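> Turn these sequences into a full structure, and let the hints guide you.
Note that UniProt numbering gives residue 513 to position 513 of the sequence shown, counting from 1, and the numbers run on in steps of one.
I should point out that these hints are in silico values taken from the structure, not numbers from a laboratory.
In the DSS-like style, the derived pairs of lysine-lysine whose C-alpha atoms are separated by at most 27 Å in a straight line are:
1) Lys259 <-> Lys491
2) Lys269 <-> Lys221
3) Lys246 <-> Lys491
4) Lys270 <-> Lys259
5) Lys246 <-> Lys235
6) Lys143 <-> Lys63
7) Lys849 <-> Lys681
8) Lys410 <-> Lys533
9) Lys340 <-> Lys259
10) Lys269 <-> Lys467
11) Lys533 <-> Lys467
12) Lys246 <-> Lys22
13) Lys338 <-> Lys410
Note that the coordinates shown come from a computational prediction; the quantities given were computed from them, not determined experimentally.
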Amino acid sequence: MACNHGSSSSSYPELNYGAGAKWIKNLTKDRLGNFNGGHYSDINLGSVLFTHRIDNTEHVQLKVWSAPGLTKPTFEEAMQQKFKTAKKTNHWWKVSVVIPKYWRQYERVQFEFDPGCEAMIFTTDGITGGYGGDRRVEYIIPKEAVESGSHEFVIESSCNGMFGVPWNGDTIQPPDMNRYFSLASADLVVPNMEAWGLLWDFQTLRELVDTLPGNTPLQNKALVTANEIMNVFSKADTASIGRCRKLAEEVFGEGWEKKGSGVYEEGPKKSNIWGIGHCHIDTAWLWPYRVTQQKVARSWSTQVDLMERYPEHRFACSSAQQYKWLEELYPPLFDRVKEKVLDGRFHPIGGSWVENDSNMPSGEALVRQFLFGQRFFETRFGQRCETSWLPDSFGLTGALPQLIRGAGMKYFFTQKLSWNNINVFPHTTFNWVGIDGTQVLCHMTPVDTYTAQATVGDVNRGLTNHKNLESSDTSLLVFGNGDGGGGPLAKMLENLRRMRAVTNTHRELPPVNMGRSVDEFFKVVETDSKEGKVLPNWHGELYLEFHRGTYTSHGSIKKGNRHSEILLRDVEHVATLASIYKHSGQYVYPRAKIDESWEKVLLNQFHDVLPGSAIGMVYDDAEVLYAEVKKDGEDLLEEAFSVLFPDSVPLTASTRSKTLAGPCKIVAYNTTFFPRWDIIKIPLSRAGSALKAQILQASDDGREGYAIMQCANGAGYGELKHPSNALRAQLKPVSVYTNGSDHFVLRNASVQLTISKGRISSLVDVKLNRELIPEGETGGLVIFQDRPNYWDAWDVEIHHLETVQPLAFSNISVVSQGPLRGSVRAEVKYGQSTITVTISLDAVPATMKDNSRSLFNFDAVVDWHQRHEFLKFELPLNIHSDNATYETQFGFVQRPTHKNTTWDIAKYAVTKSVLLLLAGPFMADPNSLNPNTVSRVKAMFFAFPYCVQQLPPMPNKTKVGSMGPIS
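This is how it looks when you write it as C-alpha cells:
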C-alpha cells in the first residue's frame with residue numbers, strides 16, 4: 001500500500017550528486033595576497049585602477065630650476081629664477097597640463113608625480129614618492145581646471161626621503177650626501193574610482209581575516225566574501241567591479257558607502273576607539289631644521305585637502321615652533337590651517353614650543369616651553385591647549401604634572417614607555433601624580449604607536465591591549481604617517497569608514513568613532529572614571545627603560561643648553577634691575593631679543609636634538625644657535641650693566657692694563673639667591689699695587705693671582721675680601737703634598753684626597769676623621785665598551801657594566817700650591833686619546849652653611865678618538881644607602897643602589913645636573929664637570945660619564961668696577 005505524506009515545499013533535493021563545498025581555509029587565506037599587484041598585476045585588480053594615463057609633451061610640459069647646493073629657497077625666491085624646459089629631472093618645477101575634453105566625463109582627473117622623494121605642490125598637496133606605505137603621489141586636478149582644459153602649478157621636490165637619506169638604507173646611519181632620486185612619473189591620469197573603492201573594500205576584508213580569531217562568524221564571513229570577490233572579478237568585464245563591491249556589502253552593510261561620514265552616526269552609541277589624525281614630525285632628526293619646515297608644509301597641506309573630502313577627519317598637531325615656521329614661510333597655507341583651527345577641525349595640542357626632552361632641560365626651561373607654546377596658540381588662534389602631548393620623549397620627569405597644570409592643562413598623552421626593554425608598564429589610563437602631589441589624567445594608547453596605520457589590527461589592539469579595562473575601556477587611536485611627516489592618507493580614512501560600517505552590525509570588533517578631538521576624548525574619560533577616582537595612580541617620573549645613552553651623546557649640545565639656560569636667566573635678572581633703575585625710558589627691557597634667544601634654546605631642546613640622537617647636520621645648526629644665544633646674551637648683559645654702572649668695564653683676559661693699573665674696585669653680581677664665597681682669578685701683569693694688595697695667592701709665573709669674592713647676600717653684589725687675620729681665620733688653607741713621583745695629597749681642614757700610583761686611593765672627611773673609599777678599592781677614570789644592541793647614539797645597554805677597565809693617571813704634577821687653591825694636573829692616555837684632568841681644592845666651603853665641606857673640582861680636557869667606548873669617572877664609597885638621590889626640576893629623584901627587582905635593575909641611569917646625595921652617616925656632594933651627565937649607581941659607587949668634546953669649566957663672570965654675575 002502506498003504511503004503519501006503530502007508534497008513538500010522545500011527545495012532541498014533528495015539526492016546529492018556533488019562533491020561538496022568544503023574548503024581548505026589556510027589556502028583560501030593565502031590566495032587573498034594575489035588580488036592586487038604581485039605576479040598577476042597584469043590581470044588582477046591592479047591592472048584596472050587607472051582608466052587613462054598620459055605622459056607625452058603635448059599634454060604635460062615641465063620646466064625646472066635646481067636650487068644650488070643644500071639651500072632651501074622659499075617659494076618667492078624660487079619664482080624669481082629662470083626655469084628651463086626639462087624632461088624628468090629635479091628640483092623646482094613649473095608644470096603645465098592640457099586635459100583632453102572627453103575627460104570631463106570622469107569623476108576625477110589627477111596629476112601623478114613621483115620623484116622618489118618628498119615634494120610639495122604649492123600650496124595644495126604634499127607628495128612622498130616611492131612605494132612604501134606612506135606613498136602619496138596624486139594631485140587632484142580642480143574641477144574647474146578640467147572643464148577649462150588646462151592647468152598650471154608649481155612643485156618643489158626635495159632630495160630627501162621621509163626618513164632622510166641613510167647611506168646604506170639603515171635608518172639610523174649617516175646621510176648619503178651624494179644620493180640621487182629619479183622622477184618615476186609625471187603623468188596625467190584618470191583613476192578608476194570604482195576599482196579603487198573595491199581595492200579599499202578588499203583591504204578591509206583581508207585585515208578582518210588576518211586580525212580576528214578564526215572561530216568568529218565575522219572572520220569567516222569576511223574570508224568567504226573576499227574569496228568570492230576574487231572569483232567574480234574579471235579584467236575583461238568592467239561591470240564585474242560593481243558586482244564585487246555589492247558582494248562586499250554583505251560584510252559592510254547594504255548602501256553603507258552612500259552614507260559617507262554619516263556611517264559614524266549609526267550603530268553603537270558608545271565607541272571604544274576614538275580615531276584622531278596625527279602627523280608626528282620630528283623637528284629635527286635624520287634631517288635638519290630647514291627640511292622640517294618643508295615637511296610641515298607638505299604634511300599639513302595634505303590634511304587640509306583631506307578635510308574637504310572627508311568631513312569626519314580631525315587632525316591634531318603639536319609644536320608651536322612648527323606653526324610659526326608655517327606662518328613665516330608659507331603664509332597662504334597658514335591662513336588655510338587657521339581657518340580649519342577656528343572651524344574646530346585642525347586641533348593644536350601640546351601647549352609647548354616643541355615636543356621637548358623633559359629630563360635634561362632645567363625647570364625654568366620646561367616652564368618656558370609651555371609659556372611660549374601656549375602664548376603662541378592663544379595669540380594666533382584665540383585658544384590655549386588643554387592636553388599636553390609628548391608621545392616620543394625619552395622618559396618624563398616627575399616635575400611635569402605640576403607644570404602641565406600650571407600651563408592650564410590637565411590631560412597628558414604619551415606612549416614611549418611601550419618601548420621599555422625590561423619591564424612592561426602596567427597602565428593605559430591612569431592618574432599621573434607628580435613629585436609635589438599634582439596629578440594629570442594620562443593616557444598611553446594601547447595601540448603602542450603615534451603613527452598607527454588605521455588598520456583593523458590597530459583598532460582591535462586598542463581594546464585587547466588595554467591594561468585598565470576594569471576602570472576605563474576607551475582608547476585613543478592616533479593614526480597617520482609620522483616621524484618624517486605625512487600624516488593620514490585617504491586610504492586610512494576609507495578603512496576607518498568600512499570598519500565603522502562593520503561594527504554597526506557586528507560585535508566582534510570594537511567600534512571606532514571619528515569627528516571628535518583629543519580634548520573631548522579626555523573629557524569623556526574624566527567623566528566615565530568619576531574624575532579619575534576609579535583609575536590607578538602612578539607616582540613620580542615615567543622612566544623609559546631604553547635610550548639611556550642619550551644623557552651623554554653629543555656632550556657639547558648638553559653644555560650649550562645648560563650654559564644658555566644660565567645665561568638667559570642672568571640676562572633677565574640683570575635686565576630687570578636695569579629697567580627698574582632707568583624706569584624713565586632710558587633703558588627698555590629687551591623682551592623681544594630675550595624671547596628670540598629663548599626660542600632658539602627651546603628649539604634645541606627637541607627630543608632628538610638635545611639627547612644627541614640626530615644626524616651631524618642637525619648639530620651644526622644647533623651649535624650656530626647656541627653661539628648666537630651666547631653673543632646676544634652677553635651683549636644684553638653688558639648693555640644692562642652699562643646702565644647700572646656706566647663707568648664699568650668687564651674683567652677679562654683682554655681688559656686694558658690702564659684700567660687695572662689705576663685705582664679700581666672689583667665687584668661681582670651674584671645672580672643666585674644664596675650667599676657665597678668664590679675664588680676668582682685676576683690678571684696680575686697689568687695690575688696696580690692696590691689690586692695686588694688684595695691677592696692672597698699668586699701663580700708660579702706671577703701672571704695670575706687668586707682672591708676671594710664675597711657675596712654676603714643672594715641676588716646682590718659682592719666685593720673682594722681684603723687680606724686680614726680675621727679673613728684668614730675663616731679660611732681652610734689648602735696644602736699639596738707629594739713624594740715627587742706617584743703620591744699626591746690635596747688637603748684642607750675639611751677634606752683630603754690622595755692619588756697614589758695613578759688612582760684616587762683615599763678620600764677623607766677630615767672633620768669626622770672618616771675614610772670614604774672602601775679598603776682595597778680606588779677611584780678615577782674608567783673605560784667601558786659602548787656596543788648597544790642596535791640604537792648606537794641612543795642606548796647604553798646594561799651589559800656595558802660588565803666591561804669596566806680602570807685607567808691610571810700619569811704625568812702628575814702640582815700646578816697650584818695653595819693656600820687659597822691647590823691643584824694637581826694629570827694625564828690619561830688611552831688608545832689614540834688623551835685626557836688631561838686638573839683636580840683642585842679651594843680654601844672655602846661649597847656653601848655658606850655650617851659644616852659645609854669644600855669641593856674637589858675636576859676640570860677635564862678630553863681629546864677623544866675612540867669609537868664604541870665609554871669614558872667615565874667612578875668613585876667607590878663606603879656609605880650604605882638603599883637609594884641615591886639626585887636633583888631634578890623643582891625637586892629630587894631617587895635611584896636604587898640594589899637590584900631587588902627588575903624595576904630596580906632597569907634604573908641604572910639617571911640624568912644628573914648638580915647634586916648627588918648618598919644619605920648615610922655622611923653626605924657626599926661631588927661636583928661634576930659635565931653640565932648634564934648620566935650617573936650610574938652600582939652598590940656604593942657613583943659614576944659620571946665624560947662627554948667626548950673638550951669641556952672647559954664655566955668661568956666666573958666678573959667685572960671691574962661693576963656687578964658681573966657669578967654662575
